[in-house]
Amino acid sequence: MLLQILVNGLSQGSIYALTAIGYSLIYSILQLINMSNAAVFLTSAVIFYALYTSLTGSSIALTFILTLMAAGMIGYIIEIIAIRPIREKGDSNTYALISSIGVKTILEQICQGTFGSEIKQFPTLLDGKYIDLFGARTSAIQIIIILTTLCILGFMSWFTQHNRVGRGLRALSQNIRACHLMGMPVNTLIGISFAVGSMLAAVSGVAYCMYLKSISISVGSAIGNKAFAATVLGGIGELKGAVVGGYILAIAENLVSGYWSMSASNFISFGILILVLIIKPTGIFGKKEQKKV
Amino acid sequence: MKKFLSLLLISMMIFMVAGCSNGGNGGGGEEKAETAADANGDYHIAVSLPFTGTNASYAEYIQMGLEVGLKKLEKDGWLNGDGTGKIILDYFDDKNDATEGATIAEKIVASSDPYYLLEIGSFASGVSYPCATIYRDAEVPQYALTCSKSDFLPTSGDWGFSLSVTQDTAAARVAAYDIEYLGKKNIALIYSSDSWGLETCKYYTETAEKLGVTLLASEKYEDGQQDFTSILTKIKETNPELVMCFCAENDIVLIRQQAETVGLECDWQVSSKSRTSNVLQNLGDLGENLYGVYARTKDLKDPVYIEYEELYKELYAAKFAEDNNTTQKYADQGYNCMLTTIWAIKNGGTTRQAFRDQLATLKDFPGVQGPISFGPGRRVLQTQYLSQIVRNEAGELKWVNYEDILNTFDVDAVAGLK
Chain C
273 MLLQILVNGL SQGSIYALTA IGYSLIYSIL QLINMSNAAV FLTSAVIFYA LYTSLTGSSI
333 ALTFILTLMA AGMIGYIIEI IAIRPIREKG DSNTYALISS IGVKTILEQI CQGTFGSEIK
393 QFPTLLDGKY IDLFGARTSA IQIIIILTTL CILGFMSWFT QHNRVGRGLR ALSQNIRACH
453 LMGMPVNTLI GISFAVGSML AAVSGVAYCM YLKSISISVG SAIGNKAFAA TVLGGIGELK
513 GAVVGGYILA IAENLVSGYW SMSASNFISF GILILVLIIK PTGIFGKKEQ KKV
Chain W
3 MKKFLSLLLI SMMIFMVAGC SNGGNGGGGE EKAETAADAN GDYHIAVSLP FTGTNASYAE
63 YIQMGLEVGL KKLEKDGWLN GDGTGKIILD YFDDKNDATE GATIAEKIVA SSDPYYLLEI
123 GSFASGVSYP CATIYRDAEV PQYALTCSKS DFLPTSGDWG FSLSVTQDTA AARVAAYDIE
183 YLGKKNIALI YSSDSWGLET CKYYTETAEK LGVTLLASEK YEDGQQDFTS ILTKIKETNP
243 ELVMCFCAEN DIVLIRQQAE TVGLECDWQV SSKSRTSNVL QNLGDLGENL YGVYARTKDL
303 KDPVYIEYEE LYKELYAAKF AEDNNTTQKY ADQGYNCMLT TIWAIKNGGT TRQAFRDQLA
363 TLKDFPGVQG PISFGPGRRV LQTQYLSQIV RNEAGELKWV NYEDILNTFD VDAVAGLK
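Residue numbers (the numbering used here), protein chains in the order written: chain C, 273 to 565; chain W, 3 to 420.
Everything labelled a hint here was simulated from the structure, so no lab data went into it.
Note that the structure is a prediction, hence the values are computed from the model and not measured.
Note that beta-carbon positions come from the ideal geometry of N, C-alpha and C, so glycine has one too.
Any given hint could be a false lead.
[As the list claims (entries may be wrong)] With the C-beta cut set under 10 Å, the calculated list includes, among others, these residues of chain W facing chain C: (1) T56; (2) Y223; (3) Q390.
[Unchecked claim] As a list, the in silico DSS-like pairs of lysine-lysine whose alpha-carbon atoms are at most 25 Å apart: (4) C:K392 to W:K315; (5) W:K222 to C:K392; (6) C:K392 to W:K321.
With the sequences and hints as input, model every part of the structure.
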């Protein structure tokens, strides 16, 4: 039973981690908690479902690529419409946070209006294929989710260290004003960070619905909160922190649900979060900001 | 003189305040002694349902049923048969939240323009129940068609009505079917943590214990939960013969699919809430042999059903086809609610009190699933049959009721309800 719970925790943690990276990426640059990320998670899954059932027929790969492109565009547009005007006015990030909550609500309402409130079957990969991992029954999609997360984590690490755009994002996270003065396309780079965050939410949303084999409009609500908690737990603004936070949270939840009760799992996971914040407010990997006086 | 004037002024103010509060009893400071109709002779009904949130699909179905009922009335020439006397439904979204529901209830009872003859809704007992005292105190009929909470009607004074059997009755019947009819002794339970889930779990467990069965596991989950693998893994360890689920239809789809993922193999039973075509459609082959409970099967040759189906197809053709050419269960209930409401108004229920008195007399009214009668407590008298998803000769999966079951198995006696 323990191994089964750990496998379930790992696949669930991968979903949290992918979404949490999106939160972390944007926070590291703008010190903004982009609440619209959870709605992009849902919106992407809805787009995937709509494309798969209408336009692209049975091609999961093509549908996935189109969904990623759509999610990237949504992220970029969210930044241009809802965040950039506030940022350029120099207003507080609190306004941007409220604006992102507004975007989240609007996206969720659009999804409900177009998709409806019923649960629907979602296409999945290698349905009905299971592997016995030392007694833990593991579905093919669980393995795919875990491996995909690790690959994306590796890619994000390479992207931020070695890619020109990724290095630009890192530079922004250190000092936006200096980047401006250096003539870097700051607005474009921030837009790209929103696009990348949204694409990660899309991967996570589609993967989660494939795991559930179903989609309903409530699919993003719980994950958004958990992913945000994972981000804070691991150290907000730290990519590896988001991943580790996601796994810790999901495994803790699964252990508590499995050995105690599902209702207690929220209590425990958020209890861990509060404890970490009390002991180390910057989260597991977060560094204390040094302010020059 | 000054003292006299002050006293006079205070007295006038007291009279004015008293006058206002007196009128507030009927709603909106306006007593409507003769009729609740507006200047055009139309009646306004408030409908409070969870159009957003986890129960939104149920709200959608009920709305469909109500609209089909209105369509029928329109075809019949409205209430007066000559195109006058319309019924106008105003929908409110209570988001499946008791606080939101109470705010809406306060708004409905205080409204004078429009003046509502009655309120229909909400879906969940956890929302209808807290609103019951608001409607009762304002003397507004509350037609909580799906409210199954046992003490809802006593709380609502004489102003509440329900088209659902109580949770204690329904849960006890399911336990009796599971244990004594199906012979299951190793049972695990999964239930939602809302008011309905908690109460049905309690009554099911009590009846099971009376019948000599102790449940192997009893697992509660929170609203919005999507991943059930941890509790299913836990239940799998107990090796149950049957898992009973008191869950919403969307949740049972996820639970059953994830049971496959963790390799939990046993029989499954759902409450009447999830005995829906949506579950059948989304589970596919996994749904085969799933048990449920249900009211009497719709008689497809019954003229009441035939008329309903025609109107339903007229309004919701795509949905009808999507659901394997059947009407939604909760739409049926919405339609029954609308038909009985129309009947009560047509038979003199044109004020709130007259409506309440008239509806309470409903007996053998021809509904979609046979005659509808209210018992002394203004709750529908309804038999529930064991039901199962079976594959027919054409290879299609269908919900089928065990219609003859009550000839040989007195479920109410076994459940201790007699």
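For this session: Take the C-alpha atoms of C:K392 and W:K321, compute the straight-line distance between them, and say whether it is at most 25 Å.
Result: 13 Å, holds
Exercise. Has the given pair, W:K222 with C:K392, been kept, meaning a C-alpha gap of at most 25 Å?
Worked result: 24 Å, holds
Exercise. Taking the closest Cβ pair, is W:T56 under 10 Å from chain C?
Worked result: 5 Å, holds
Problem set entry | Interface restraint verdict for W:Y223 against chain C (beta-carbon cut-off 10 Å) | Since the shortest Cβ distance to chain C is 5 Å, the answer is holds.
Problem set entry | Agreement of hint W:Q390 with chain C interface, Cβ distance less than 10 Å | Violated: closest Cβ of chain C sits about 21 Å from W:Q390, beyond 10 Å.
For this session: Assess, step by step, whether the Cα of C:K392 is no farther than 25 Å from the Cα of W:K315, and give holds or violated.
Result: Distance ~21 Å between C:K392 and W:K315 Cα, so the pair holds.
The earlier numbered hint that this structure contradicts is number 3, and it is the only one.
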